[in-house]
Amino acid sequence: MVRLLFSFLILMSMSAHASAAAGDDLYLSSAQKAALSLGLKAVLLKSDGNVKKDDAEYIVKSMVARAKFLASQEKRAVEVASFEEFIELQKNDQLYQNKLANIEIETLLEVMPDPLYTSRSERVQRRINKYYGQKLKMGQLVAASAFGVTFDFANGSEAVKVEDFQVYVREKINAYTDGFIQRMTKDAHSPYVNLVAKLLKMYFELLPTSQKAEILFHVMQLPLKPDVNQVFLTMIQNVGPQMQKLVQLVGRHEAIPAEFAGIFQKLESQGQPVPWSEVKKIVSPEINLDDYSYFEKLPLGVGTMAQTHRVQKKGATTDSRTTVIRFLKPGIEKLVGMDHQILVQIANELDSDPEFKKYKLPSLRPQINDVHESVTEELELIRTEKNQIEAKGIYEKSIPISFSGQKNILEIHVPSAEIIGKHKILMQQELVFGKKVDSEIANYKQAYPELYPAVAEKITELWFDQAFFKTGFFHADLHAGNMLMKVTDDRVQVNLLDFGMAGHLTQQQRDSVLMLALGIKLNNSGLIADSFSNLTRYPLAGEQKNIFANQVAQRVQQIKAGVETENSIEAWALWSVAKGLDLHYEFAKLNRGITAISRLLAESKSDLSFQTIGVNLALKNKVAVMKALSKQKHVTYGDLVKLGLAELQSRRSTPASPAVDVESKKVSAPIFASVGGATNRCVSLF
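Using my numbering, read the sequence shown as starting at 1 and increasing by one per residue.
There's no promise every hint is true.
Claimed, not checked - PhoX-like, lysine-lysine: derived pairs with alpha carbons at most 20 Å apart:
hint: 1; residue 1: 161; residue 2: 172
hint: 2; residue 1: 397; residue 2: 521
hint: 3; residue 1: 201; residue 2: 357
hint: 4; residue 1: 137; residue 2: 225
hint: 5; residue 1: 137; residue 2: 186
hint: 6; residue 1: 280; residue 2: 470
hint: 7; residue 1: 435; residue 2: 486
hint: 8; residue 1: 424; residue 2: 386
hint: 9; residue 1: 225; residue 2: 470
hint: 10; residue 1: 521; residue 2: 386
hint: 11; residue 1: 458; residue 2: 407
hint: 12; residue 1: 424; residue 2: 313
hint: 13; residue 1: 627; residue 2: 545
hint: 14; residue 1: 521; residue 2: 560
hint: 15; residue 1: 633; residue 2: 622
hint: 16; residue 1: 458; residue 2: 397
hint: 17; residue 1: 172; residue 2: 130
hint: 18; residue 1: 198; residue 2: 358
hint: 19; residue 1: 435; residue 2: 424
hint: 20; residue 1: 407; residue 2: 392
hint: 21; residue 1: 631; residue 2: 521
hint: 22; residue 1: 392; residue 2: 334
hint: 23; residue 1: 486; residue 2: 545
hint: 24; residue 1: 225; residue 2: 130
hint: 25; residue 1: 486; residue 2: 436
hint: 26; residue 1: 605; residue 2: 436
hint: 27; residue 1: 281; residue 2: 424
hint: 28; residue 1: 458; residue 2: 392
hint: 29; residue 1: 435; residue 2: 470
hint: 30; residue 1: 436; residue 2: 470
hint: 31; residue 1: 280; residue 2: 266
hint: 32; residue 1: 334; residue 2: 99
hint: 33; residue 1: 297; residue 2: 392
hint: 34; residue 1: 334; residue 2: 313
hint: 35; residue 1: 61; residue 2: 91
hint: 36; residue 1: 313; residue 2: 281
hint: 37; residue 1: 334; residue 2: 281
hint: 38; residue 1: 280; residue 2: 422
hint: 39; residue 1: 334; residue 2: 397
No wet-lab data here; the hints were simulated from the structure.
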């Protein structure tokens, strides 16, 4: 790599200061950040086919000229009252409230002068001196190792080219990716982890240089010696939505070490915000901002694809008219296209990799297509509005709840929503109150340890009942991050949010999922084959159906003989994909929903699993189960006895086996014992 020594800029902010105190985070100065940002800006512009090469080179020349000029000028003095104030100024957070692509070159040039920070407090001044001393001690190695760009103006720095920054961008992204992967795979022995590692490696290699430059711009906000995990989180926050969603799903897999699962899951609540300057450009053509008494500049919520702000119209009362406006992040459609192109290329290569084929891992391409479909759905605000209106009529309920010796009411609420704006690109929602679930639960954990499990179980029951026995509707991503909770003396209020990803199961699909679970439980190959046939995008027929039925029968025999040990819905679904089945998108969404709701149960420390709740609801809905069973030619009376459902078979006079006591034993081996495997993992790869 071409080493560009920016020693001038470093010494410009460090000279005349002595030794440092340990423990303080060190940051690039404003001058260093601005100069490096200009170099990255040049890379970004050169990657744009509509920008002339000379424009990118001009940025670098302007930056070098500006740095030379500032070297001859006296520094502007800035007085600080505390060391904390000094550190906040070093962070220069306001610079990172926007994307690099949206920052004007003149703005970065204006940021370049580094002030001389002083304090009237001798104690504070000593700490400032120590801070600079630490940076001086680290010297050029700090910038070279952490952000890698310095210039040596005494040795022909005017010859620095944009290409030098391009090389730096590629090498730095590779180094960060390798560092994270090495840590993640150090003690991991699962082929799944290795697959994820290769996916990440290939993704960042294929990412356009312009996007890599954008990532490094935001990494500069971190301390000079950032934690590898924090760097990686920042990197993922600045990639496309499909990759972000894949990484979120990756973190839920049991093979991923807990340390990294936590990093991945932070994406659910730590999206990259759109700054007010850009928000105003989005909403101003749609609504008259003068009609609002306030439009909060800071976002209320930030997701992978959308952002919300609290607003209030003039003359409206706080209770009835304060609302939330939601919009898609600018440029998200372009990122969706970029991500899909990259991930399809990766899938094609990994699917043919013999190293992963030997572990019988599923084809990646269908999973990429499923994620792309879900993201594409979320781009349609009208669909989200429709989902939310439907969910309000389905999920909004008051349910009796008991926990820790208390009797209370669980109020489940879905905010009302409507599409507004001249071009219908804004969604206005009812403002709801509450805290993130983990934050609210923390206030009551000691007094009411059973509160969280009780709430999670009731929500799971409602989700399962609606998906399988009532309407077929389900929230496909109902994790704790999509809820707000408020606990009062007489009720627990839970607001369900973000219906961009929701699903609808037809009656046939509901019956087929139930029958698939039963078929696996009973090792009934005919029931399994027929169920899968009804869960594909296009039902199997003719010779194709016969071939698949024979393949299912062979696998069932292997299971009975103990040759094949994987007998969960997940294992069967992955096997079916390997056999060429194109499973229906709603089935894939359903399993994402199962994964999310199961994680809610696990996080609440509930003693009940998704399977157990499913069993209880199936027993409460025996008539519906029997109605589905009655359509199946492969189910025998003996099967009903095994399931504890024989007493509902009115066409038979033979009594149920005395060995089966439905009331006391219920179902000896749960009907849904294999749904999603031991930890309810998603049927899809992630």
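Here's how the hints hold up against the structure:
no.: 1; hint: 161 with 172; verdict: 17 Å, holds
no.: 2; hint: 397 with 521; verdict: 33 Å, violated
no.: 3; hint: 201 with 357; verdict: 19 Å, holds
no.: 4; hint: 137 with 225; verdict: 14 Å, holds
no.: 5; hint: 137 with 186; verdict: 32 Å, violated
no.: 6; hint: 280 with 470; verdict: 43 Å, violated
no.: 7; hint: 435 with 486; verdict: 6 Å, holds
no.: 8; hint: 424 with 386; verdict: 14 Å, holds
no.: 9; hint: 225 with 470; verdict: 54 Å, violated
no.: 10; hint: 521 with 386; verdict: 37 Å, violated
no.: 11; hint: 458 with 407; verdict: 14 Å, holds
no.: 12; hint: 424 with 313; verdict: 18 Å, holds
no.: 13; hint: 627 with 545; verdict: 24 Å, violated
no.: 14; hint: 521 with 560; verdict: 12 Å, holds
no.: 15; hint: 633 with 622; verdict: 18 Å, holds
no.: 16; hint: 458 with 397; verdict: 11 Å, holds
no.: 17; hint: 172 with 130; verdict: 29 Å, violated
no.: 18; hint: 198 with 358; verdict: 16 Å, holds
no.: 19; hint: 435 with 424; verdict: 30 Å, violated
no.: 20; hint: 407 with 392; verdict: 25 Å, violated
no.: 21; hint: 631 with 521; verdict: 18 Å, holds
no.: 22; hint: 392 with 334; verdict: 32 Å, violated
no.: 23; hint: 486 with 545; verdict: 52 Å, violated
no.: 24; hint: 225 with 130; verdict: 17 Å, holds
no.: 25; hint: 486 with 436; verdict: 9 Å, holds
no.: 26; hint: 605 with 436; verdict: 17 Å, holds
no.: 27; hint: 281 with 424; verdict: 15 Å, holds
no.: 28; hint: 458 with 392; verdict: 17 Å, holds
no.: 29; hint: 435 with 470; verdict: 30 Å, violated
no.: 30; hint: 436 with 470; verdict: 29 Å, violated
no.: 31; hint: 280 with 266; verdict: 27 Å, violated
no.: 32; hint: 334 with 99; verdict: 15 Å, holds
no.: 33; hint: 297 with 392; verdict: 28 Å, violated
no.: 34; hint: 334 with 313; verdict: 33 Å, violated
no.: 35; hint: 61 with 91; verdict: 26 Å, violated
no.: 36; hint: 313 with 281; verdict: 19 Å, holds
no.: 37; hint: 334 with 281; verdict: 18 Å, holds
no.: 38; hint: 280 with 422; verdict: 15 Å, holds
no.: 39; hint: 334 with 397; verdict: 39 Å, violated
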